[in-house]
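Trainee: For reference, the chains in residue letters:
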Amino acid sequence: MFSQSGLNTSGTFGVSAVNTSSTNPMKDFEVTSPPDDSVSALAFSPATLPQNFLIAGSWDNNVRCWEVEQSGKTIPKSMQTMQGPILDVCWSDDGTKVFMASCDKMVKCWDLASNQTIQVAQHDAPVKTCHWIKAPNYSCLMTASWDKTLKFWDTRNAQPMLTINLPERCYCADVDYPMAVVGTASRGLIIYQLEGRPQEFKRVDSPLKYQHRCVAIFRDKKKQPIGFALGSVEGRVAIQYVSPQNPKDNFTFKCHRSNGAPGGYQDIYAVNDIAFHPVHGTLATVGSDGTFSFWDKDARTKLKPSEVMEQAITKCAFSHNGQIFAYAVSYDWAKGHEFYNPMKKNYIFLRPCFEDLKPRATS
Amino acid sequence: MGRKKKKQSKPWCWYCNREFEDEKILIQHQKAKHFKCHICHKKLYTGPGLSIHCMQVHKEAIDKVPNSLSTRSNIEIEIYGMEGIPPEDLKEHEKQKQGKHGRAASPSSGEDEPPTKKKASEGVGSSVGMVPAQMQPFPPIAPPIMGPMGPMPFMSPGMGMMGPGGPMPGGPPTMSAPHLQNKPLFPSAAAIASTANTTPTTNDFKSVTSTAPIGPVKPTFPAYRFSTGGGQGASASANSDPQKVPLINLLGGSSKIIHPPEDISLEEIKARLPKYQVSSGGIAADESVSSPALSNSSQANTPQSQTTVEVSLRRFLILI
Chain X
1 MFSQSGLNTS
11 GTFGVSAVNT
21 SSTNPMKDFE
31 VTSPPDDSVS
41 ALAFSPATLP
51 QNFLIAGSWD
61 NNVRCWEVEQ
71 SGKTIPKSMQ
81 TMQGPILDVC
91 WSDDGTKVFM
101 ASCDKMVKCW
111 DLASNQTIQV
121 AQHDAPVKTC
131 HWIKAPNYSC
141 LMTASWDKTL
151 KFWDTRNAQP
161 MLTINLPERC
171 YCADVDYPMA
181 VVGTASRGLI
191 IYQLEGRPQE
201 FKRVDSPLKY
211 QHRCVAIFRD
221 KKKQPIGFAL
231 GSVEGRVAIQ
241 YVSPQNPKDN
251 FTFKCHRSNG
261 APGGYQDIYA
271 VNDIAFHPVH
281 GTLATVGSDG
291 TFSFWDKDAR
301 TKLKPSEVME
311 QAITKCAFSH
321 NGQIFAYAVS
331 YDWAKGHEFY
341 NPMKKNYIFL
351 RPCFEDLKPR
361 ATS
Chain Z
1 MGRKKKKQSK
11 PWCWYCNREF
21 EDEKILIQHQ
31 KAKHFKCHIC
41 HKKLYTGPGL
51 SIHCMQVHKE
61 AIDKVPNSLS
71 TRSNIEIEIY
81 GMEGIPPEDL
91 KEHEKQKQGK
101 HGRAASPSSG
111 EDEPPTKKKA
121 SEGVGSSVGM
131 VPAQMQPFPP
141 IAPPIMGPMG
151 PMPFMSPGMG
161 MMGPGGPMPG
171 GPPTMSAPHL
181 QNKPLFPSAA
191 AIASTANTTP
201 TTNDFKSVTS
211 TAPIGPVKPT
221 FPAYRFSTGG
231 GQGASASANS
241 DPQKVPLINL
251 LGGSSKIIHP
261 PEDISLEEIK
271 ARLPKYQVSS
281 GGIAADESVS
291 SPALSNSSQA
301 NTPQSQTTVE
311 VSLRRFLILI
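Here the protein sequences line up with chains X and Z, keeping their order.
Heads up, the final residue of the first sequence is numbered 363 in the UniProt record's numbering, and it's a clean run with no missing numbers.
Heads up, the final residue of the second sequence is numbered 320 in the UniProt record's numbering, and it's a clean run with no missing numbers.
Worth double-checking, as some hints may not be accurate.
[Said to hold, decoys possible] Once the Cα atoms are required to be at most 25 Å apart in a straight line, the calculated BS3-like pairs of lysine-lysine come out as:
hint : chain 1 : residue 1 : chain 2 : residue 2
1    : Z       : 275       : X       : 304
2    : X       : 202       : X       : 223
3    : X       : 304       : X       : 221
4    : Z       : 43        : Z       : 59
5    : Z       : 64        : X       : 254
6    : X       : 345       : Z       : 275
7    : X       : 248       : Z       : 42
8    : Z       : 275       : X       : 302
[Stated by the list, open to error] Here are some chain X residues pointing at chain Z (derived, C-beta under 7 Å):
hint : residue
9    : 168
10   : 171
11   : 233
12   : 259
13   : 265
14   : 266
15   : 269
16   : 333
[To be verified] For the chain Z half of the interface with chain X, some residues (derived, Cβ under 8 Å), not all of them:
hint : residue
17   : 39
18   : 42
19   : 44
20   : 90
21   : 94
22   : 254
23   : 259
24   : 264
25   : 265
26   : 267
27   : 269
28   : 270
29   : 276
I should point out that these hints are in silico values taken from the structure, not numbers from a laboratory.
Given the structure is predicted, the values throughout are model-derived calculations rather than measurements.
For each residue, glycine too, the CB sits at the ideal point set by N, CA and C.
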């Protein structure tokens with residue numbers, strides 16, 4: 001199933017890949033045997049595993065797993081198929097399992113050692129997100145769906161241990177124990193606290209005026225989750241603290257917009273994904289405009305913009321140690337069906353990013 | 001004679017060749033159109049001023065004056081209203097004005113640009129409710145009008161041109177009418193030029209850009225009108241009929257959100273395609289053994305369904 005294409009890479013993950021084609025304007029490492037349709041989810045294995053594995057879910061119903069070597073070389077390891085497009089993937093904390101949420105309304109657990117999958121969650125509509133929660137007194141899978149529910153599953157039981165109704169369809173969610181955030185249609189935004197058992201902590205008025213698209217929790221210096229970054233379709237990200245010490249701590253910034261277009265138009269693109277650097281606490285955003293950007297939210301500056309890719313960047317992820325930034329170039333449907341070209345190849349690129357994401361010295 | 005001619009000639013914008021009733025409006029135009037920071041929308045006073053602002057405040061280098069003709073995009077030249085225009089360009093402009101059958105009338109000349117844009121903008125302007133008294137709502141514009149818009153270098157090559165309906169609604173509501181009264185320099189502009197006085201436009205422009213994001217979102221949310229596509233007809237009618245379409249891709253000011261008109265997630269729109277239906281096609285269809293139990297049972301989280309999954313998985317593995 002996976003054929004390995006040659007990629008001449010050598011050295012450590014700090015040396016740029018050699019590829020000068022226009023499809024790879026940042027000259028990053030290209031993941032071999034990429035998905036056949038748009039990439040909908042990306043996740044690196046947790047620190048509990050000695051190697052780096054990358055998981056990608058796609059609209060082609062498959063979830064693929066690669067081993068990422070220090071050289072930048074990727075080795076396809078395995079693949080699982082579901083009955084509908086994949087919308088999210090996540091790892092268990094011990095790195096032995098991968099959860100896959102699909103349009104087929106199910107979430108399955110993929111046991112990597114045995115290469116078996118088993119259904120662990122069920123919704124009445126496609127499951128938009130899945131997150132593994134590891135608490136001292138329990139562990140469970142949180143799933144959120146377009147059926148307007150948020151469910152928590154003990155993976156050994158066919159019934160959810162808890163179901164929480166959402167005001168609207170879930171569009172995005174993130175978990176960083178003891179905090180969870182869910183963004184919904186109609187600009188709903190709810191924070192949950194997971195200590196003891198999951199419960200709603202508070203509903204927040206959205207800092208953004210357009211459809212929520214992605215959310216990522218960030219931590220303070222003590223590595224405790226204290227807020228989140230929320231991205232909307234209107235090229236804007238809000239940095240929001242759960243309990244801001246000063247109301248001015250919360251702010252929004254624009255991104256993924258064309259500038260200086262002839263005719264005075266500014267095209268505004270959706271923020272497709274946000275990821276925080278696990279070490280530096282800086283963040284990356286990727287957009288429908290086909291670029292990624294690195295930001296320092298504390299210094300409120302852009303650290304690095306990227307060149308424009310051939311298609312949108314749909315997802316991104318950092319490896320657990322913050323050495324690798326993965327981003328997926330594929331069509332995100334922002335221009336509708338007419339602009340969908342199934343002949344276009346989908347790419348996942350890997351970029352050595354540790355230096356790029358260092359915060360500004362002044363901050 | 002010469003003196004008289006001078007008096008008659010209207011102030012014009014060096015960056016885009018547009019003419020204005022008086023220099024005050026020209027300056028407002030320049031501030032809004034050519035000297036406005038694309039990041040924070042602050043209006044600067046000159047090209048170099050904009051460049052310095054962007055460098056110092058946003059750490060972004062600007063190498064061209066926004067919205068300028070390609071030959072007039074020099075950011076270094078300091079022009080304020082009619083001041084600072086290179087004398088040879090002044091002369092050239094004068095010449096064109098007099099010989100109006102000359103270069104200026106040729107449709108291929110760069111001057112066709114501004115009127116075209118302005119035309120697009122009026123729809124937006126009226127729909128957002130700015131300067132309502134002056135702006136007539138115009139019927140959707142014919143697609144070919146995009147022709148002279150020229151290349152859009154900011155787009156990635158893969159995207160190609162937006163459909164004709166594409167960038168239109170984002171048109172700059174900025175300078176409503178350029179006051180081409182009796183002898184229009186640009187034939188195409190004559191049809192649409194409003195004779196109204198434009199003085200308040202610049203002020204309104206600011207309020208439009210700042211309030212528009214709030215305005216459109218609230219009134220209309222879930223209308224399901226256009227099932228696909230952000231391009232083509234959808235946006236055009238969004239212009240004329242803002243109340244019925246979720247206005248997600250309509251922004252006041254000179255911007256447009258690249259998103260299908262419906263205010264639902266891209267994934268939901270995409271998932272509606274037959275191709276992505278769970279029951280259809282591909283390997284998934286093979287697994288008819290398990291699919292009825294799983295996809296049809298809405299609340300069935302039965303242990304039995306898990307076993308069926310396992311069975312089907314065995315088959316997957318074989319397939320792989």
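Trainee: With reference to the structure, classify each hint as holding or not holding.
Mentor: Now for the hints, and whether the structure bears them out:
no.: 1; hint: 275(Z) / 304(X); in the structure: violated, 37 Å
no.: 2; hint: 202(X) / 223(X); in the structure: holds, 22 Å
no.: 3; hint: 304(X) / 221(X); in the structure: holds, 22 Å
no.: 4; hint: 43(Z) / 59(Z); in the structure: holds, 17 Å
no.: 5; hint: 64(Z) / 254(X); in the structure: holds, 21 Å
no.: 6; hint: 345(X) / 275(Z); in the structure: holds, 18 Å
no.: 7; hint: 248(X) / 42(Z); in the structure: holds, 21 Å
no.: 8; hint: 275(Z) / 302(X); in the structure: violated, 39 Å
no.: 9; hint: 168; in the structure: violated, 10 Å
no.: 10; hint: 171; in the structure: holds, 5 Å
no.: 11; hint: 233; in the structure: holds, 5 Å
no.: 12; hint: 259; in the structure: holds, 4 Å
no.: 13; hint: 265; in the structure: holds, 5 Å
no.: 14; hint: 266; in the structure: holds, 4 Å
no.: 15; hint: 269; in the structure: holds, 5 Å
no.: 16; hint: 333; in the structure: holds, 4 Å
no.: 17; hint: 39; in the structure: holds, 7 Å
no.: 18; hint: 42; in the structure: violated, 13 Å
no.: 19; hint: 44; in the structure: violated, 14 Å
no.: 20; hint: 90; in the structure: violated, 24 Å
no.: 21; hint: 94; in the structure: violated, 26 Å
no.: 22; hint: 254; in the structure: holds, 4 Å
no.: 23; hint: 259; in the structure: holds, 5 Å
no.: 24; hint: 264; in the structure: holds, 7 Å
no.: 25; hint: 265; in the structure: holds, 5 Å
no.: 26; hint: 267; in the structure: holds, 6 Å
no.: 27; hint: 269; in the structure: holds, 6 Å
no.: 28; hint: 270; in the structure: holds, 4 Å
no.: 29; hint: 276; in the structure: holds, 5 Å
The structure is inconsistent with the numbered hints 1, 8, 9, 18, 19, 20 and 21, although it conforms to all the rest.
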